[in-house]
Amino acid sequence: MKGAQGWGKGGCHGERSRDARCAVILVVDDEITARLVTREVLINAGFSVEEAEDGDAALRAIDDVKPDIVIADVMMPIMDGFTLCKEIRRRPDGRLLPVLMVTGLDDVASIHRAYEVGANRLHRETLQLARALPENPPYGP
Amino acid sequence: MIAGGPLGPAYIDITVLDGLRSLQREGFPDLVAKILTTYLTETSKTLVTLSKAVQDRNAQEIQFVAHNSNRAAPAWGHSVSLPSSDNLKPWEGKAKIDTVPEVISEIMAEYEGVRCTLEIELAGRGDCVIAEPSRPVTQ
Numbered sequence: 001m002k003g004a005q006g007w008g009k010g011g012c013h014g015e016r017s018r019d020a021r022c023a024v025i026l027v028v029d030d031e032i033t034a035r036l037v038t039r040e041v042l043i044n045a046g047f048s049v050e051e052a053e054d055g056d057a058a059l060r061a062i063d064d065v066k067p068d069i070v071i072a073d074v075m076m077p078i079m080d081g082f083t084l085c086k087e088i089r090r091r092p093d094g095r096l097l098p099v100l101m102v103t104g105l106d107d108v109a110s111i112h113r114a115y116e117v118g119a120n121r122l123h124r125e126t127l128q129l130a131r132a133l134p135e136n137p138p139y140g141p
Numbered sequence: 001m002i003a004g005g006p007l008g009p010a011y012i013d014i015t016v017l018d019g020l021r022s023l024q025r026e027g028f029p030d031l032v033a034k035i036l037t038t039y040l041t042e043t044s045k046t047l048v049t050l051s052k053a054v055q056d057r058n059a060q061e062i063q064f065v066a067h068n069s070n071r072a073a074p075a076w077g078h079s080v081s082l083p084s085s086d087n088l089k090p091w092e093g094k095a096k097i098d099t100v101p102e103v104i105s106e107i108m109a110e111y112e113g114v115r116c117t118l119e120i121e122l123a124g125r126g127d128c129v130i131a132e133p134s135r136p137v138t139q
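So the sequence lines, in the order shown, correspond to chains A and G.
Read in the numbering used here, the first sequence has 80 at position 80, and its numbers run on one by one without any break.
Read in the numbering used here, the second sequence has 53 at position 53, and its numbers run on one by one without any break.
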């Protein structure tokens with residue numbers, strides 16, 4: 001259920017479920033406090049949440065859990081969010097996967113780069129993104 | 001409940017903490033305590049990393065650490081209002097790196113205040129010793 005009425009309303013409450021009502025969100029962030037808060041906000045909104053600490057781990061998680069949405073920080077070790085997004089778009093199953101990026105980088109070049117690599121949206125703050133998501137669902141590019 | 005502390009409510013947005021409290025699920029561990037404990041533990045490590053990066057004059061590492069610390073604090077309602085936001089961001093020029101120790105000292109002093117406030121919150125009692133932060137030196 002991925003329509004505007006359906007996102008996050010399945011009541012999965014964090015437990016990984018194959019229930020079709022549960023949208024699975026992969027949160028990719030090396031900053032543990034931000035990741036923890038994002039997870040709790042999303043779980044409370046009814047989403048099922050998986051986590052990864054960097055882009056490399058995120059690509060493995062995408063293979064494993066097949067998320068419906070990816071939320072990724074930009075500045076991460078090993079593989080940053082820009083590279084992650086580019087890699088996702090190169091995959092046949094990643095072309096339409098909504099990727100929402102979070103960055104404190106507010107220069108024009110970073111904003112352009114996020115959209116160039118295929119991000120659907122760019123947010124300045126994770127908490128604000130997580131709170132807005134149930135009412136404002138993303139769609140593929 | 002946080003009602004002030006060394007930094008006062010001007011630095012800590014209680015509505016964010018209250019919002020997080022509202023996410024508490026029945027039968028699960030105290031969410032706010034978990035977030036604040038995680039923040040304190042991770043920030044202590046971050047400051048060590050930051051000090052070392054300053055000593056090594058590693059601008060890239062400083063920028064990376066600054067990015068993360070500027071994302072961690074707002075997640076639970078701490079508005080980072082010291083120079084950390086502005087002065088740590090564009091830290092690529094050598095001219096600016098000379099001012100880093102002063103900025104780091106301010107950040108550490110701020111963190112000590114936050115730490116005390118949060119430890120009082122977590123312990124439910126009102127005493128905390130604020131340590132005098134050491135000033136990192138560049139070589």
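Hints are computed from structural coordinates only; laboratory data are not their basis.
Among the hints, a few may not be true.
Unchecked claim - In silico DSBU-like cross-links for lysine-lysine, where the CA-CA straight-line distance does not exceed 35 Å:
(1) LYS66/A with LYS86/A
(2) LYS34/G with LYS66/A
(3) LYS66/A with LYS45/G
(4) LYS52/G with LYS34/G
(5) LYS86/A with LYS45/G
(6) LYS86/A with LYS52/G
(7) LYS66/A with LYS52/G
(8) LYS34/G with LYS45/G
Practice task
Enumerate the violated hints, using their earlier numbering and listing them in ascending order.
Solution key: Checked against the structure, the only hint that fails is number 7, while the rest are satisfied.
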